[in-house]
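Peer 1: Residue-level listing of the chains:
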Amino acid sequence: MQHKHRFFEQLVSAYANDLYRYAYWLCKQPTVAEDLVQETFTRAWKAIDSLKDEKAAKAWLITILRRENARMYEKYQPQLLEIEGAIVADDYHNEPDETFEKQQLHQAIMELPTDYKEPLIQQVMWGYSGDEIAVQLNLKLATVNTRLFRARQQLKVLLTATTSKDSQHKAIFGGGHAK
Amino acid sequence: MNDLAFRKQLQINPQQLDEEILIYLEQHPEQKKVVKRVRNFDTQIKEVLNSEVPEGLHARILLNQSYQDAKAGSAMDNSNNRADSESINQSRSKRDSRVDKLVHLWNAKRPVSWPGLSAIAASLMIIAVSISLLQAPTELKQLNGSDMVAHILDHIGEDPTLMTAIKRPTTEADMQALFATVGASLNQPIERMSYAGECVVEGQKGLHIVIQDKQGPVTVIVMPGQQIEAMQSFAASGYHGELLPVKGGVVAIVANSLEQVALAQMRFFKAVRFA
Chain C
1 MQHKHRFFEQ LVSAYANDLY RYAYWLCKQP TVAEDLVQET FTRAWKAIDS LKDEKAAKAW
61 LITILRRENA RMYEKYQPQL LEIEGAIVAD DYHNEPDETF EKQQLHQAIM ELPTDYKEPL
121 IQQVMWGYSG DEIAVQLNLK LATVNTRLFR ARQQLKVLLT ATTSKDSQHK AIFGGGHAK
Chain U
1 MNDLAFRKQL QINPQQLDEE ILIYLEQHPE QKKVVKRVRN FDTQIKEVLN SEVPEGLHAR
61 ILLNQSYQDA KAGSAMDNSN NRADSESINQ SRSKRDSRVD KLVHLWNAKR PVSWPGLSAI
121 AASLMIIAVS ISLLQAPTEL KQLNGSDMVA HILDHIGEDP TLMTAIKRPT TEADMQALFA
181 TVGASLNQPI ERMSYAGECV VEGQKGLHIV IQDKQGPVTV IVMPGQQIEA MQSFAASGYH
241 GELLPVKGGV VAIVANSLEQ VALAQMRFFK AVRFA
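In order, the protein sequence lines correspond to chains C and U. The first sequence begins at 1 in the numbering used here and counts up one residue at a time. The second sequence begins at 1 in the numbering used here and counts up one residue at a time.
I should point out that these hints are in silico values taken from the structure, not numbers from a laboratory. Given the structure is predicted, the values throughout are model-derived calculations rather than measurements. Any given hint could be a false lead.
Claimed, not checked - Derived PhoX-like pairs (lysine-lysine); straight-line CA-CA distance at most 20 Å:
#1 Lys8/U - Lys140/C
#2 Lys46/C - Lys58/C
#3 Lys46/U - Lys102/C
#4 Lys36/U - Lys46/U
#5 Lys8/U - Lys36/U
#6 Lys167/U - Lys214/U
#7 Lys102/C - Lys36/U
#8 Lys28/C - Lys270/U
#9 Lys270/U - Lys247/U
#10 Lys46/U - Lys28/C
#11 Lys46/U - Lys58/C
Unchecked claim - What follows is a set of in silico ranges between Cβ atoms, one per label pair, in the way DEER data are often shown:
#12 Gln10/C - Val35/U: 36 to 46 Å
#13 Thr171/U - Gln10/C: 37 to 47 Å
#14 Lys32/U - Lys102/C: 22 to 32 Å
#15 Ala275/U - Asp49/C: 36 to 46 Å
#16 Ala230/U - Gln29/C: 21 to 31 Å
#17 Val32/C - Pro169/U: 24 to 34 Å
#18 Thr181/U - Val32/C: 24 to 34 Å
#19 Ile166/U - Ala56/C: 51 to 61 Å
#20 Thr160/C - Ala5/U: 22 to 32 Å
#21 Thr171/U - Lys4/C: 41 to 51 Å
#22 Ala72/U - Asp115/C: 32 to 42 Å
#23 Asp49/C - Thr43/U: 32 to 42 Å
#24 Lys247/U - Lys4/C: 30 to 40 Å
Note that the Cβ used here is the ideal one computed from N, Cα and C, for glycine as well.
Model the full assembly from the supplied sequences, consistent with the hints where possible.
Peer 2: Have a look at this one:
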C-alpha cells in the first residue's frame, strides 16, 4: 500500500504538469483541463494495480486523459481544415520572425485542428518519436508524418494570415502619430 | 532527395535529420539556414506549448486521491456494518493511516479555548491564508505550519458571527480590489460567497471570506506574510485543514472533513488566482 501511494505521488510529480498542458491544448479551457487531469489521476489511482510496467506510465496516463477528453466531447466532431497539398514556401515571408508574439502563436495553436495538434504536442512537448505517436494515437506512421507536416504548415499559414491582418490594420489605422 | 522532399521531411521532424537529409545538406549547404529557421520555429512552438500550470495542482490531485481513498474506506466500513465504537475507532485509525502518507496530520499543541467554535462544529470552514511577499513588511515574523494553524483557528474563534454575516463588495471592481490587496485576482465569482472583507490575524493583514456551502458556511481568510515549501494538511480539534503554498504566500484550508476540504479547495482555486 505504501509503495502504491509513493508510486502515485511520483506519477503526479512527474506527469501532472505535462498532462495539464496536454489537456489545456485539447480542451482550450484551464478549468476543464484541470478537471480532465483530476479525472485522469482518479482513474489512474483506481487502476494503478493494472500498470505492470512503470516505464509505460506516461503513455498509460495520456491514454486515460485522451479517453476522458473524448468522453467529455463525445458528440463533438472536429472539422479539419483542408490545406493545399503544395508546401508553403520556406521563404522569409512565410517564416515567423524570431520576435513574433507568442500570443499570436498561442492563438494559432489554439486554432489548429486537434488531429494535427495532438501529434505535434506529443512530438514537441513529450519528445515522442513518430512510431510512438503512431502507437499512442492508433495511427499509421505515414498518417502521423502527414499530420505533423500539416500541423507545422498550417501554423505558418495561420501566423502569416495573422501578421497580414496586423500589417493591414497598421496600414489603415497607422501604428504611430501622423506627421 | 530533392528540395521538396527535403522541406517536407524537415517539417515532419526538424529535430531529427536522417542520413538522407544530412547528405542533401552537404550537397546544398545553403539549405542549412532553412533547417535553422524551422528549428527556431519549433523552439517557439515548444515555449508556447509549455503553458502555465495552475498553482497547487499536484496538491489538489493528491488530496482528491486521498479523499477518494478515504471515501472508499468509509463505504467498506459501512458495508461491514460496524456499529460498535471500537470498530469505528479502528476504522478511523485505518483511514487516517491511509491518508497519512499524503497528508501530514498535526494535533494542535494547545487546547481549544474558544467556546464559539463548538457552536459551529457542523460548519464547513475554509481558511485561505495568502501572503504576498512584495506587500509583506520585511520584519514579518515567519510562522511554522502548526503555529499558523493555531493563529488561524484563533482568528476564526474571535468572531464566529462572520460565518453567517452577509456583507461583501457590491461591484466586481471593488471585489477585485479587495483580492488584489493580497496579490490575488478572481477569474470568476466564488459561488455563494456571503462575506468578504479585510482582516488581521496576529498582526498580519489579510482577507476574510465566507462561502455558504450546502453543508454549512465556508470561511476564507487571506492574509499576507508567510511561506511554506509544500502542501501541509492537519487535523486539529475535530477539524481537517490544509496549508497550500501559492505565489508569494500560503493558502490554508480547514473543514470538518477531508471531503469538504477537497471540494472547497477545488472551488476556491477555480475562482482565485495569485499573481
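Peer 1: Which numbered hints turn out to be false for this structure?
Peer 2: Of the numbered hints given earlier, the structure breaks none, since each of them holds.
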